Structure formats: C-alpha cells, structure tokens
Amino acid sequence: MSYPPSDDRLTHLIAQEINPHLDTWKFAFWLAQGIVKCPDIQAELRRLGEAHAAGQHCGDRNCEHCWTATLGPSGEEADR
Numbered sequence: 001m002s003y004p005p006s007d008d009r010l011t012h013l014i015a016q017e018i019n020p021h022l023d024t025w026k027f028a029f030w031l032a033q034g035i036v037k038c039p040d041i042q043a044e045l046r047r048l049g050e051a052h053a054a055g056q057h058c059g060d061r062n063c064e065h066c067w068t069a070t071l072g073p074s075g076e077e078a079d080r
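Numbered according to the working numbering, the sequence shown spans residues 1 to 80.
It is worth saying that the hints were derived from the structure and are not from the lab.
Be careful, since some hints might not be right.
As the list claims (entries may be wrong) - For each label pair, taking beta carbons as the anchor points, the in silico distance ranges come out as:
1. GLU50 to LYS26: 26 to 36 Å
2. TYR3 to ILE35: 12 to 22 Å
3. SER6 to GLN42: 10 to 20 Å
4. HIS52 to ARG9: 15 to 25 Å
5. ILE35 to CYS63: 12 to 22 Å
The structure presented is a predicted model; accordingly, all values stated were derived computationally and were not measured.
Glycine included, each C-beta is placed from N, C-alpha and C at the ideal position.
Kindly generate the complete structure, drawing on both the sequences and the hints.
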C-alpha cells in the first residue's frame, strides 16, 4: 500500500501539511477531514480545476499555475 492512500489522498496530504504546526497527528487529521468535507471548499476546488482544465485563469491571485502561465517561469511576460 502506498502513502497517502488513494481513497483518502486529499485528507492525508492536508493533514501531513498542517501536522508540524499541531500537537498531534490525530488533531491534524481531524482538521483535514473537516476541510475536505466542507461544501464551500469542495466547490472552490472544483471551480479552480475546471478553470485550469479549460486553460483559463482561475482568478485566484495566489495561484502559482496562473502566475506561471502568464509570466512564465522566469517571471517575464509570456508571448500570447
């Protein structure tokens, strides 16, 4: 079995990311489960994925994908 498990990958990845800032893995996992189950977060993840899949900017000012697509990896504006 590989880690994180494919049937709960997002929860495990989020828990893994926040765990160093918390006292226990159990608390990190509990928080991650709440984040993954949140309908607003699910809708936002879907919206971002659909925009990226369509080759459009997602509108998130912190999106590395859109930043790189616009400016290129070197930070210079890409030719359109």
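Hints not upheld, ascending by number: none
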